[in-house]
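*Asks:* Sequence:
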Amino acid sequence: MCGVCGCGEGEGRVNGLAPPAPSAFDTQRLVRIEKDILAENDQYAARNRAHLAALNTLTLNLVSSPGSGKTTLLTATIDRLKGELPLAVVEGDQQTDNDAARIRATGVAVVQVNTGKGCHLDGHLVGHALDGLQAESALQPGGILFIENVGNLVCPASFDLGEAHKVVILSVTEGEDKPLKYPDMFHAADLMLLNKVDLLPYLDFDLEACMANARRINPDMTILSLSAKSGEGMDAWLAWLRAAQREG
1292 MCGVCGCGEG EGRVNGLAPP APSAFDTQRL VRIEKDILAE NDQYAARNRA
1342 HLAALNTLTL NLVSSPGSGK TTLLTATIDR LKGELPLAVV EGDQQTDNDA
1392 ARIRATGVAV VQVNTGKGCH LDGHLVGHAL DGLQAESALQ PGGILFIENV
1442 GNLVCPASFD LGEAHKVVIL SVTEGEDKPL KYPDMFHAAD LMLLNKVDLL
1492 PYLDFDLEAC MANARRINPD MTILSLSAKS GEGMDAWLAW LRAAQREG
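Under my numbering, the first residue of the sequence shown carries the number 1292, and numbering increases by one thereafter.
Some clues are possibly wrong.
[Said to hold, decoys possible] Calculated cross-link-like contacts (lysine-lysine; reagent style DSSO-like; alpha-carbon spacing at most 27 Å):
1. Lys-1472 x Lys-1408
2. Lys-1408 x Lys-1326
3. Lys-1472 x Lys-1326
4. Lys-1520 x Lys-1373
[Claimed, not checked] Simulated restraints, written as ranges between beta carbons of each label pair:
5. His-1419 x Arg-1507: 13 to 21 Å
6. Thr-1464 x Asp-1370: 20 to 28 Å
7. Thr-1464 x Thr-1387: 32 to 40 Å
8. Glu-1499 x Ser-1521: 14 to 22 Å
9. Tyr-1493 x Gly-1433: 38 to 46 Å
10. Asp-1422 x Lys-1520: 28 to 36 Å
In short, the hints are calculated from the structure, not lab data. Every residue, glycine too, gets a C-beta built ideally from N, C-alpha and C.
Input sequences plus hints: build the corresponding full structure.
*Replies:* So this is what it looks like as C-alpha coordinates:
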(Lines of atoms letter the chains of each structure in order from A and count residues from 1; the text may use other names and numbers.)
(Lines give C-alpha, C1' and ligand atoms only; values in the text may rest on other atoms or scores of the structure.)
Protein backbone atom coordinates (compact mmCIF):
# COMPACT_ATOMS: atom_id res chain seq x y z
CA MET A 1 0.00 0.00 0.00
CA CYS A 2 1.47 3.35 -0.94
CA GLY A 3 1.38 6.02 1.74
CA VAL A 4 -1.09 8.21 -0.12
CA CYS A 5 -3.72 6.12 -1.86
CA GLY A 6 -3.93 2.70 -0.25
CA CYS A 7 -3.37 0.60 -3.37
CA GLY A 8 -2.70 -3.05 -3.77
CA GLU A 9 -1.86 -4.32 -0.32
CA GLY A 10 -1.99 -8.10 -0.20
CA GLU A 11 -2.06 -8.59 -3.97
CA GLY A 12 1.67 -8.59 -4.68
CA ARG A 13 3.43 -11.67 -6.07
CA VAL A 14 7.11 -12.65 -6.37
CA ASN A 15 7.71 -15.14 -9.19
CA GLY A 16 3.99 -15.82 -9.06
CA LEU A 17 3.97 -16.59 -5.34
CA ALA A 18 2.48 -14.50 -2.55
CA PRO A 19 4.99 -13.42 0.11
CA PRO A 20 4.24 -14.22 3.76
CA ALA A 21 1.05 -12.50 4.80
CA PRO A 22 1.16 -9.59 7.24
CA SER A 23 -0.42 -10.12 10.62
CA ALA A 24 -4.21 -10.06 10.85
CA PHE A 25 -3.98 -6.81 12.80
CA ASP A 26 -1.91 -5.13 10.09
CA THR A 27 -4.19 -6.40 7.32
CA GLN A 28 -7.33 -5.13 9.04
CA ARG A 29 -5.72 -1.78 9.71
CA LEU A 30 -4.61 -1.36 6.10
CA VAL A 31 -8.03 -2.34 4.74
CA ARG A 32 -9.69 0.14 7.07
CA ILE A 33 -7.33 2.94 6.02
CA GLU A 34 -7.91 2.21 2.33
CA LYS A 35 -11.69 2.21 2.73
CA ASP A 36 -11.58 5.45 4.70
CA ILE A 37 -9.40 7.16 2.08
CA LEU A 38 -11.61 6.09 -0.83
CA ALA A 39 -14.85 6.93 0.98
CA GLU A 40 -13.59 10.44 1.78
CA ASN A 41 -12.42 10.89 -1.80
CA ASP A 42 -15.84 9.82 -3.12
CA GLN A 43 -17.49 12.54 -1.08
CA TYR A 44 -15.27 15.22 -2.61
CA ALA A 45 -15.79 13.73 -6.08
CA ALA A 46 -19.57 13.84 -5.64
CA ARG A 47 -19.37 17.55 -4.81
CA ASN A 48 -17.21 18.18 -7.87
CA ARG A 49 -19.62 16.24 -10.07
CA ALA A 50 -22.64 18.19 -8.81
CA HIS A 51 -20.84 21.50 -9.35
CA LEU A 52 -19.82 20.59 -12.90
CA ALA A 53 -23.23 19.14 -13.75
CA ALA A 54 -24.85 22.43 -12.74
CA LEU A 55 -22.62 24.12 -15.33
CA ASN A 56 -23.29 21.45 -17.98
CA THR A 57 -19.52 21.04 -18.20
CA LEU A 58 -18.25 17.78 -19.69
CA THR A 59 -15.34 16.66 -17.51
CA LEU A 60 -12.73 14.17 -18.68
CA ASN A 61 -10.03 12.51 -16.59
CA LEU A 62 -7.08 11.89 -18.92
CA VAL A 63 -4.84 9.07 -17.68
CA SER A 64 -1.77 7.38 -19.13
CA SER A 65 1.81 6.29 -18.59
CA PRO A 66 4.45 9.05 -18.65
CA GLY A 67 5.44 9.88 -22.22
CA SER A 68 2.25 8.74 -23.92
CA GLY A 69 1.74 12.20 -25.44
CA LYS A 70 -1.11 13.40 -23.19
CA THR A 71 -0.08 17.04 -23.16
CA THR A 72 0.70 17.17 -26.88
CA LEU A 73 -2.68 15.61 -27.61
CA LEU A 74 -4.36 18.01 -25.23
CA THR A 75 -2.82 21.11 -26.80
CA ALA A 76 -3.70 19.86 -30.29
CA THR A 77 -7.28 19.28 -29.14
CA ILE A 78 -7.52 22.72 -27.56
CA ASP A 79 -6.21 24.41 -30.71
CA ARG A 80 -9.02 22.78 -32.70
CA LEU A 81 -11.84 23.42 -30.22
CA LYS A 82 -11.09 26.66 -28.39
CA GLY A 83 -13.06 28.86 -30.76
CA GLU A 84 -16.03 26.52 -30.62
CA LEU A 85 -16.50 25.53 -26.95
CA PRO A 86 -15.48 26.97 -23.57
CA LEU A 87 -12.45 24.99 -22.41
CA ALA A 88 -10.45 24.75 -19.19
CA VAL A 89 -7.73 22.46 -17.84
CA VAL A 90 -6.59 21.07 -14.52
CA GLU A 91 -2.98 19.97 -14.93
CA GLY A 92 -1.60 17.34 -12.55
CA ASP A 93 2.10 16.58 -12.02
CA GLN A 94 4.25 15.60 -9.09
CA GLN A 95 6.57 18.56 -9.68
CA THR A 96 7.03 21.53 -12.09
CA ASP A 97 4.49 23.52 -14.07
CA ASN A 98 6.03 22.73 -17.47
CA ASP A 99 2.90 21.17 -18.92
CA ALA A 100 0.67 23.90 -17.50
CA ALA A 101 2.85 26.46 -19.28
CA ARG A 102 2.26 24.62 -22.57
CA ILE A 103 -1.49 24.68 -21.95
CA ARG A 104 -1.43 28.34 -20.94
CA ALA A 105 0.29 29.19 -24.24
CA THR A 106 -2.88 28.07 -26.08
CA GLY A 107 -4.83 30.84 -24.34
CA VAL A 108 -6.97 28.46 -22.29
CA ALA A 109 -7.22 28.78 -18.50
CA VAL A 110 -5.31 26.14 -16.54
CA VAL A 111 -4.76 25.41 -12.85
CA GLN A 112 -1.59 23.51 -11.93
CA VAL A 113 -1.85 20.87 -9.21
CA ASN A 114 1.42 19.44 -7.89
CA THR A 115 1.04 16.28 -5.85
CA GLY A 116 4.58 16.10 -4.41
CA LYS A 117 5.08 12.48 -3.41
CA GLY A 118 1.49 11.65 -4.40
CA CYS A 119 1.02 9.41 -7.43
CA HIS A 120 -2.40 10.66 -8.57
CA LEU A 121 -4.92 13.47 -8.30
CA ASP A 122 -7.83 13.13 -5.89
CA GLY A 123 -11.25 14.67 -5.45
CA HIS A 124 -10.12 17.13 -2.79
CA LEU A 125 -7.26 18.56 -4.89
CA VAL A 126 -9.48 18.82 -7.95
CA GLY A 127 -12.14 20.61 -5.90
CA HIS A 128 -9.64 23.31 -4.99
CA ALA A 129 -8.56 23.53 -8.63
CA LEU A 130 -12.19 24.08 -9.61
CA ASP A 131 -12.34 26.94 -7.12
CA GLY A 132 -9.33 28.47 -8.86
CA LEU A 133 -10.92 28.15 -12.29
CA GLN A 134 -14.18 29.58 -10.98
CA ALA A 135 -12.32 32.58 -9.57
CA GLU A 136 -11.02 33.24 -13.09
CA SER A 137 -14.53 32.79 -14.56
CA ALA A 138 -12.96 30.00 -16.61
CA LEU A 139 -15.74 27.43 -16.11
CA GLN A 140 -18.39 28.52 -18.56
CA PRO A 141 -21.68 26.65 -19.11
CA GLY A 142 -21.68 24.12 -21.91
CA GLY A 143 -17.92 23.66 -22.04
CA ILE A 144 -15.33 20.94 -21.48
CA LEU A 145 -12.95 20.55 -18.57
CA PHE A 146 -9.89 18.38 -19.20
CA ILE A 147 -8.16 16.97 -16.12
CA GLU A 148 -4.68 15.73 -17.03
CA ASN A 149 -3.79 13.26 -14.30
CA VAL A 150 -0.33 12.34 -13.07
CA GLY A 151 1.38 9.87 -15.43
CA ASN A 152 0.53 6.53 -13.84
CA LEU A 153 -1.63 3.59 -14.94
CA VAL A 154 -2.20 2.22 -11.42
CA CYS A 155 -3.43 4.56 -8.70
CA PRO A 156 -5.61 6.96 -10.75
CA ALA A 157 -7.87 4.01 -11.64
CA SER A 158 -9.28 3.93 -8.10
CA PHE A 159 -9.86 7.65 -7.58
CA ASP A 160 -13.02 9.34 -8.81
CA LEU A 161 -12.43 13.04 -9.45
CA GLY A 162 -16.00 13.90 -10.39
CA GLU A 163 -15.41 13.25 -14.09
CA ALA A 164 -17.95 12.04 -16.62
CA HIS A 165 -15.41 9.74 -18.32
CA LYS A 166 -11.94 8.37 -17.78
CA VAL A 167 -9.99 8.49 -21.04
CA VAL A 168 -6.90 6.29 -21.14
CA ILE A 169 -4.20 7.27 -23.63
CA LEU A 170 -1.84 4.55 -24.85
CA SER A 171 1.03 5.30 -27.19
CA VAL A 172 2.05 2.82 -29.87
CA THR A 173 5.61 3.27 -28.58
CA GLU A 174 4.51 1.31 -25.51
CA GLY A 175 3.34 -2.33 -25.70
CA GLU A 176 0.27 -4.18 -26.96
CA ASP A 177 -0.04 -5.88 -23.58
CA LYS A 178 -0.44 -2.70 -21.50
CA PRO A 179 -4.20 -3.32 -21.05
CA LEU A 180 -3.43 -6.76 -19.65
CA LYS A 181 -0.68 -5.45 -17.37
CA TYR A 182 -2.84 -2.63 -15.97
CA PRO A 183 -6.38 -4.06 -16.14
CA ASP A 184 -7.94 -1.84 -13.46
CA MET A 185 -7.24 1.30 -15.46
CA PHE A 186 -8.53 -0.09 -18.75
CA HIS A 187 -11.59 -1.50 -17.00
CA ALA A 188 -12.34 1.93 -15.50
CA ALA A 189 -11.94 3.86 -18.77
CA ASP A 190 -14.78 4.52 -21.21
CA LEU A 191 -12.47 5.48 -24.06
CA MET A 192 -8.98 4.44 -25.15
CA LEU A 193 -7.00 6.69 -27.45
CA LEU A 194 -4.19 4.91 -29.30
CA ASN A 195 -1.80 7.79 -29.86
CA LYS A 196 1.26 8.33 -32.09
CA VAL A 197 -0.02 6.10 -34.91
CA ASP A 198 2.16 8.12 -37.30
CA LEU A 199 5.06 6.08 -35.87
CA LEU A 200 3.57 2.67 -36.73
CA PRO A 201 5.71 2.18 -39.89
CA TYR A 202 8.81 2.37 -37.69
CA LEU A 203 7.65 0.12 -34.86
CA ASP A 204 6.90 -3.51 -34.18
CA PHE A 205 3.47 -2.82 -32.72
CA ASP A 206 0.36 -4.89 -33.44
CA LEU A 207 -2.56 -2.45 -33.40
CA GLU A 208 -5.23 -5.14 -33.68
CA ALA A 209 -3.69 -7.19 -30.85
CA CYS A 210 -3.63 -4.13 -28.60
CA MET A 211 -7.29 -3.38 -29.28
CA ALA A 212 -8.21 -7.02 -28.67
CA ASN A 213 -6.37 -6.97 -25.35
CA ALA A 214 -8.20 -3.82 -24.31
CA ARG A 215 -11.58 -5.36 -25.18
CA ARG A 216 -10.71 -8.49 -23.21
CA ILE A 217 -10.55 -6.23 -20.16
CA ASN A 218 -13.41 -3.92 -21.12
CA PRO A 219 -15.71 -5.10 -23.96
CA ASP A 220 -17.69 -1.84 -23.84
CA MET A 221 -14.69 0.44 -24.30
CA THR A 222 -14.63 2.78 -27.29
CA ILE A 223 -11.25 2.80 -29.06
CA LEU A 224 -9.95 5.52 -31.36
CA SER A 225 -6.58 5.61 -33.15
CA LEU A 226 -4.97 8.97 -33.77
CA SER A 227 -1.84 11.08 -34.01
CA ALA A 228 -1.67 14.47 -32.35
CA LYS A 229 1.36 15.25 -34.50
CA SER A 230 0.05 14.36 -37.97
CA GLY A 231 -3.63 15.01 -37.25
CA GLU A 232 -4.68 11.52 -38.33
CA GLY A 233 -7.81 10.44 -36.45
CA MET A 234 -8.27 13.78 -34.70
CA ASP A 235 -11.63 14.42 -36.39
CA ALA A 236 -13.09 11.25 -34.83
CA TRP A 237 -11.80 12.30 -31.38
CA LEU A 238 -13.31 15.77 -31.76
CA ALA A 239 -16.62 14.24 -32.88
CA TRP A 240 -16.58 12.03 -29.76
CA LEU A 241 -16.00 15.10 -27.58
CA ARG A 242 -18.81 17.09 -29.18
CA ALA A 243 -21.24 14.18 -28.83
CA ALA A 244 -20.26 13.58 -25.20
CA GLN A 245 -20.73 17.27 -24.39
CA ARG A 246 -24.20 17.31 -25.95
CA GLU A 247 -25.19 14.17 -24.07
CA GLY A 248 -24.02 15.69 -20.80
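*Asks:* Against this structure, judge whether each hint is valid.
*Replies:* Okay, the hints, checked on the actual structure:
no. : hint                            : verdict
1   : Lys-1472 x Lys-1408             : 23 Å, holds
2   : Lys-1408 x Lys-1326             : 21 Å, holds
3   : Lys-1472 x Lys-1326             : 24 Å, holds
4   : Lys-1520 x Lys-1373             : 18 Å, holds
5   : His-1419 x Arg-1507: 13 to 21 Å : 38 Å, violated
6   : Thr-1464 x Asp-1370: 20 to 28 Å : 23 Å, holds
7   : Thr-1464 x Thr-1387: 32 to 40 Å : 22 Å, violated
8   : Glu-1499 x Ser-1521: 14 to 22 Å : 20 Å, holds
9   : Tyr-1493 x Gly-1433: 38 to 46 Å : 41 Å, holds
10  : Asp-1422 x Lys-1520: 28 to 36 Å : 35 Å, holds
Taken one by one, the earlier hints fail for this structure at numbers 5, 7, listed in ascending order.
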